[in-house]
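J.: Each chain, letter by letter, is given below.
2 protein chains.
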Amino acid sequence: MTRKQLAHEIFSKQSYLCVGLDTDPSILPAHLRSFEDPVFEFNKRIIDATKDVCVAYKINTAFYEAQGLKGWASLEKTVDYIPSTHFKIADAKRGDIGNTSSQYAKAFFETLSFDAITVAPYMGEDSVKPFLAYPDKWTIILGLTSNHGSRDFELQKLVKHKETLDEGIHITRDETHYLYETVLTTSSLWGTDQNTMYVIGATQAEEFESIRKIIPNHFLLVPGVGAQGGSLREISEKAMIADCGLLVNASRAIIYASKGEDFAEAARIVAQQYREEMGVYLSNV
Amino acid sequence: MTRKQLAHEIFSKQSYLCVGLDTDPSILPAHLRSFEDPVFEFNKRIIDATKDVCVAYKINTAFYEAQGLKGWASLEKTVDYIPSTHFKIADAKRGDIGNTSSQYAKAFFETLSFDAITVAPYMGEDSVKPFLAYPDKWTIILGLTSNHGSRDFELQKLVKHKETLDEGIHITRDETHYLYETVLTTSSLWGTDQNTMYVIGATQAEEFESIRKIIPNHFLLVPGVGAQGGSLREISEKAMIADCGLLVNASRAIIYASKGEDFAEAARIVAQQYREEMGVYLSNV
Chain G
1 MTRKQLAHEI
11 FSKQSYLCVG
21 LDTDPSILPA
31 HLRSFEDPVF
41 EFNKRIIDAT
51 KDVCVAYKIN
61 TAFYEAQGLK
71 GWASLEKTVD
81 YIPSTHFKIA
91 DAKRGDIGNT
101 SSQYAKAFFE
111 TLSFDAITVA
121 PYMGEDSVKP
131 FLAYPDKWTI
141 ILGLTSNHGS
151 RDFELQKLVK
161 HKETLDEGIH
171 ITRDETHYLY
181 ETVLTTSSLW
191 GTDQNTMYVI
201 GATQAEEFES
211 IRKIIPNHFL
221 LVPGVGAQGG
231 SLREISEKAM
241 IADCGLLVNA
251 SRAIIYASKG
261 EDFAEAARIV
271 AQQYREEMGV
281 YLSNV
Chain D
1 MTRKQLAHEI
11 FSKQSYLCVG
21 LDTDPSILPA
31 HLRSFEDPVF
41 EFNKRIIDAT
51 KDVCVAYKIN
61 TAFYEAQGLK
71 GWASLEKTVD
81 YIPSTHFKIA
91 DAKRGDIGNT
101 SSQYAKAFFE
111 TLSFDAITVA
121 PYMGEDSVKP
131 FLAYPDKWTI
141 ILGLTSNHGS
151 RDFELQKLVK
161 HKETLDEGIH
171 ITRDETHYLY
181 ETVLTTSSLW
191 GTDQNTMYVI
201 GATQAEEFES
211 IRKIIPNHFL
221 LVPGVGAQGG
231 SLREISEKAM
241 IADCGLLVNA
251 SRAIIYASKG
261 EDFAEAARIV
271 AQQYREEMGV
281 YLSNV
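First to last, the protein sequences are chains G and D. All the letters of the first sequence, read from the start, carry residue numbers 1 to 285 under the UniProt record's numbering. All the letters of the second sequence, read from the start, carry residue numbers 1 to 285 under the UniProt record's numbering.
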């Protein structure tokens with residue numbers, strides 16, 4: 001999916017909502033358990049109930065891998081069931097040396113028909129580049145995540161010697177930036193804003209302005225609204241750009257809005273609430 | 001597997017070799033292609049041919065995921081086929097927010113019977129802790145990797161304000177360390193040297209001495225010997241400790257030693273050469 005197509009979907013639907021399918025088979029409504037593939041049945045109903053109010057689905061691979069072969073089968077069926085109008089994200093946090101990342105890219109972009117995959121940046125350029133080689137596919141690099149552990153490394157300061165020339169004199173000074181800022185600055189040169197996005201947690205609202213200074217035109221995938229407590233209003237006001245530039249994800253807040261037989265209707269109601277609020281912010285750009 | 005059991009295997013076999021099963025179905029010997037599961041048949045023969053000269057197998061999950069459901073089935077069969085005397089590593093480079101990492105831990109430690117998993121540290125403590133909750137299982141955190149991209153972030157300098165008291169006067173100074181050094185220092189406090197190891201690439205030989213100053217007692221998983229060019233002698237001399245403390249991985253150099261019908265015998269010969277050299281270094285501790 002191209003950026004233009006994604007933006008078109010966002011403005012037609014007045015929504016930049018991504019529904020996270022973190023489907024845990026141990027907490028599914030009882031009436032689904034007799035089906036051959038309860039996880040897929042659950043996802044199917046969530047997709048049917050939310051597809052007209054969201055533009056993207058994010059499949060958290062961990063929940064499927066935890067079920068082994070059966071889980072991988074549910075994952076495959078779910079990806080295939082998502083309408084082609086929707087942006088399909090594998091939230092897989094992959095990344096390895098080049099020849100291995102190529103295999104992950106093949107897994108998610110060829111064997112499975114995802115539009116995007118989340119990627120961990122720690123191992124640097126050659127671990128990310130293989131994902132960027134696919135036309136119309138997206139690499140969503142971890143920038144600043146929503147969890148407490150973001151303080152351990154992402155929010156540590158890196159130092160760079162910077163040399164400048166002032167009236168003929170070379171001046172060296174040290175500049176410091178957060179690791180995550182260096183990740184944004186460095187990795188934004190590997191691809192373009194047509195094939196790279198960043199994960200920026202909604203719980204890190206105070207950072208959104210400096211983030212937009214580094215990557216003014218990239219789409220951001222923003223988890224952490226809902227169960228994790230981030231504010232949709234704040235991040236939208238700080239980070240929305242002309243073609244929106246935001247995909248805001250909610251997982252548990254939507255898919256587990258009810259744990260009873262009415263789970264799909266309850267999910268739809270919560271998703272509609274997000275969409276309604278998003279419509280207000282979209283009308284401001 | 002406990003550290004004591006692993007060390008016992010190493011000294012009994014006089015080997016700290018880990019064989020990497022990065023099995024790519026597109027380059028398997030022709031005579032295996034008629035089998036129902038050529039990848040498993042290949043792995044089975046490699047395991048049979050090398051199990052008495054190695055102590056660990058490392059399964060690179062990317063190569064299996066690239067084949068979809070079929071690949072995940074080959075992976076399951078392969079893990080089950082590895083003898084319980086051998087240390088089984090899922091080279092999966094996972095890591096996500098806590099509730100998601102718990103699902104990954106379940107996938108590799110419960111649903112599959114791996115002894116260890118490689119984990120990316122970028123997201124910090126709560127992304128790693130769920131893996132450490134399993135007794136007798138190991139978390140192998142990415143420290144300094146063997147690829148060129150390690151220069152992008154792992155080898156960037158972090159700055160820390162350090163306050164000391166000198167004759168009653170507070171002195172503040174800035175200390176700089178590589179990001180990977182901070183990862184070692186910080187993450188070594190999350191677990192112990194009985195449940196945490198580190199990935200340190202063999203191509204980074206000049207760093208092994210400073211690494212041993214930070215983590216004198218942790219096992220290191222060392223890829224990059226063989227196809228990537230790292231020196232077994234150099235890393236063994238610099239990083240071996242009393243109970244060895246090293247697992248040296250070779251993948252392509254062993255499993256693709258021959259691409260013909262004799263691939264298993266050829267793999268065995270290369271693995272034996274590694275073992276022979278390792279015996280010399282082990283006799284020095």
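The reader is advised that the hints may include incorrect statements.
No distinction is drawn between identical chains; accordingly, a pair holds when it is met within one copy or between any pair of copies.
Under the rule of at most 25 Å between Cα atoms (straight-line distance), these lysine to any residue pairs were calculated in the SDA-like manner [said to hold, decoys possible]: (1) Lys160 / His177; (2) Lys77 / Ala266; (3) Lys259 / Thr186; (4) Lys129 / Thr2; (5) Lys106 / Pro25; (6) Lys4 / His161; (7) Lys106 / Leu69; (8) Lys70 / Asn99.
No lab work stands behind these hints: they were computed from the structure. Fair warning: this is a prediction, and the values are worked out from it, not measured in the lab.
J.: For every hint, state whether the structure bears it out.
T.: Here's how the hints hold up against the structure:
Taking the closest pair of Cα atoms, Lys160 and His177 come within 25 Å of each other both inside a single copy (8 Å) and across two copies (12 Å). Only within a single protomer do Lys77 and Ala266 lie at most 25 Å apart by alpha-carbon distance; the minimum there is 23 Å, versus 41 Å between protomers. Taking the shortest alpha-carbon separations for Lys259 and Thr186, neither the intra-copy value of 43 Å nor the inter-copy value of 39 Å comes in at or below 25 Å. In this assembly of identical chains, the alpha carbons of Lys129 and Thr2 lie at most 25 Å apart only when taken from the same copy (18 Å versus 37 Å across copies).
Taking CA atoms no more than 25 Å apart as the test, Lys106 paired with Pro25 passes between copies only; the shortest distance there is 13 Å, against 27 Å inside one copy. In this assembly of identical chains, the alpha carbons of Lys4 and His161 never lie at most 25 Å apart, being 39 Å within a copy and 46 Å across copies at closest. In this assembly of identical chains, the alpha carbons of Lys106 and Leu69 lie at most 25 Å apart whether taken from the same copy (19 Å) or from different copies (13 Å). Taking the shortest Cα distances, Lys70 and Asn99 sit within 25 Å of each other only across copies (20 Å), while inside one copy they are farther apart (27 Å).
Checked against the numbered hints listed earlier, the structure breaks hints 3, 6; every other hint is satisfied.
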